[in-house]
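Chemist: Read top to bottom, the protein sequences are chains A and B.
Here our numbering is used: the first residue of the first sequence is 1104, the next is one more, and so on.
Here our numbering is used: the first residue of the second sequence is 1104, the next is one more, and so on.
Don't take each hint at face value.
Stated by the list, open to error - Calculated pairs, DSBU-like style, for lysine-lysine (alpha carbon to alpha carbon, straight line, at most 35 Å):
no., chain 1, residue 1, chain 2, residue 2
1, B, K1123, A, K1123
2, B, K1144, B, K1168
3, A, K1123, B, K1114
Hints are computed from structural coordinates only; laboratory data are not their basis.
2 protein chains.
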Amino acid sequence: MMRARVHITLKHGVLDPQGKAIANALAGLGFAGVDDVRQGKYIELKLEETDRERARAKVDAMCQKLLANTVIENYRIDLEG
Amino acid sequence: MMRARVHITLKHGVLDPQGKAIANALAGLGFAGVDDVRQGKYIELKLEETDRERARAKVDAMCQKLLANTVIENYRIDLEG
Chain A
1104 MMRARVHITL
1114 KHGVLDPQGK
1124 AIANALAGLG
1134 FAGVDDVRQG
1144 KYIELKLEET
1154 DRERARAKVD
1164 AMCQKLLANT
1174 VIENYRIDLE
1184 G
Chain B
1104 MMRARVHITL
1114 KHGVLDPQGK
1124 AIANALAGLG
1134 FAGVDDVRQG
1144 KYIELKLEET
1154 DRERARAKVD
1164 AMCQKLLANT
1174 VIENYRIDLE
1184 G
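Looking at chain A on its own, in the form it has when it is part of the complex (with noise of 0.2 Å):
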């Protein structure tokens, strides 16, 4: 049993309208000095594999098929167990 965690992030360059709305609604509620805001998704994931590099296999083509859009998104996979 392994856990995988898997981060999302917008390639630079891409806009980011979450990022956005955060950034100014973090100005709106008076937080100052704050810049450069991307949100991304965090996924947590088990797997049944117990082979390091068959479960970074695995989780990398389930991040090309479904996970990650890899046109405008980086991945990255950690991996833990």
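With chain A fixed as given, assemble chain B onto it according to the hints.
Modeler: Here is chain B on its own, set in the frame of chain A:
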């Protein structure tokens, strides 16, 4: 200048329909042995603050007031720089 990374995840026991949808879609694509999928948010921001403690307190206040719904969500703050 510091960079803050915030992970916002649903508390245990809170139903996660997005995670469920991902789990079903993965099963439909033929990925077996995947369990307990949870989706959270990942927010990166830059702060002009240079004092670590003050930066943490500021981001903590942002989470309490805007970024997280603390009734159903947990958050974790990582600072860098």
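Chemist: Looking at the structure, which of the earlier hints fail to hold?
Modeler: Going through the list in order, the structure violates no hint and respects every one.
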